[in-house]
Amino acid sequence: DAMVIQNPRYQVTQFGKPVTLSCSQTLNHNVMYWYQQKSSQAPKLLFHYYDKDFNNEADTPDNFQSRRPNTSFCFLDIRSPGLGDAAMYLCATSRERLGDRRTYEQYFGPGTRLTVT
Amino acid sequence: AQSVTQPDIHITVSEGASLELRCNYSYGATPYLFWYVQSPGQGLQLLLKYFSGDTLVQGIKGFEAEFKRSQSSFNLRKPSVHWSDAAEYFCAVPYYISNFGNEKLTFGTGTRLTIIP
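Chains as they are written, first to last, in my numbering: chain A, 1298 to 1414; chain S, 59 to 175.
These aren't lab readings, by the way, just hints derived from the structure by calculation. Bear in mind that the values here come from a model prediction, so they are computed numbers and not experimental data.
Stretches of chain S that chain A covers, calculated by requiring three or more beta carbons in the stretch to come under 8 Å of a beta carbon on chain A: (1) 95-107; (2) 163-170.
Within a straight-line C-alpha distance of at most 25 Å, the following computed DMTMM-like cross-link-like pairs (lysine to aspartate or glutamate) qualify: (3) Lys126(S) to Glu1402(A); (4) Lys1349(A) to Glu161(S); (5) Lys1335(A) to Asp66(S); (6) Lys162(S) to Asp1350(A).
Heads up, the beta-carbon is just placed ideally off N, CA and C, and yes, glycines get one too.
Required output: the full structure, derived from the provided sequences and hints.
Below, the structure written as structure tokens:
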């Protein structure tokens, strides 16, 4: 089945130690998103790629970076994790917006739960 | 900007009882609206979406939602809930980024649904 895969599902890192989260997709979608979701809160968009074009949200801290080496893969890098960065990180994909908005939908992976010790 | 509000943080329902989760939108024109469900420790799954036309929308897992312009609402309903429906439910509205040629989603704060036997 076509899907969005995130690895690892659980990640523990130390305060200040860089960490990378991975997302891959078999849907061949050209848009990929990264969300941060803290406990009992709504997902918050960090940034997204439209093909290779990177779009950062205005309030995303510089500590968060992303890479998209090809259509299938996207990475979230946290350069110096703080305790406040502990959260679920969700990857999502979509086709580009076409003429008919009714086709628009985001497909989510299962998420990576990050713990910072 | 478009936004959605979910007034109920937590709802408890008996198994087999009916369910209604509230979502109110803030947008001048006819909005496009989504309902997503998130099971514990999982990513988000699309239940249904509304774009135009019929105000009653059918979704997966026996859910439906009704768009009411007069009340600025898009409430999610299910006639008889099952224990497996226990999850977090998010209402969302897409908005188009004209200079990026793509859509983003804004989520409500979510409603946690607990099912009691």
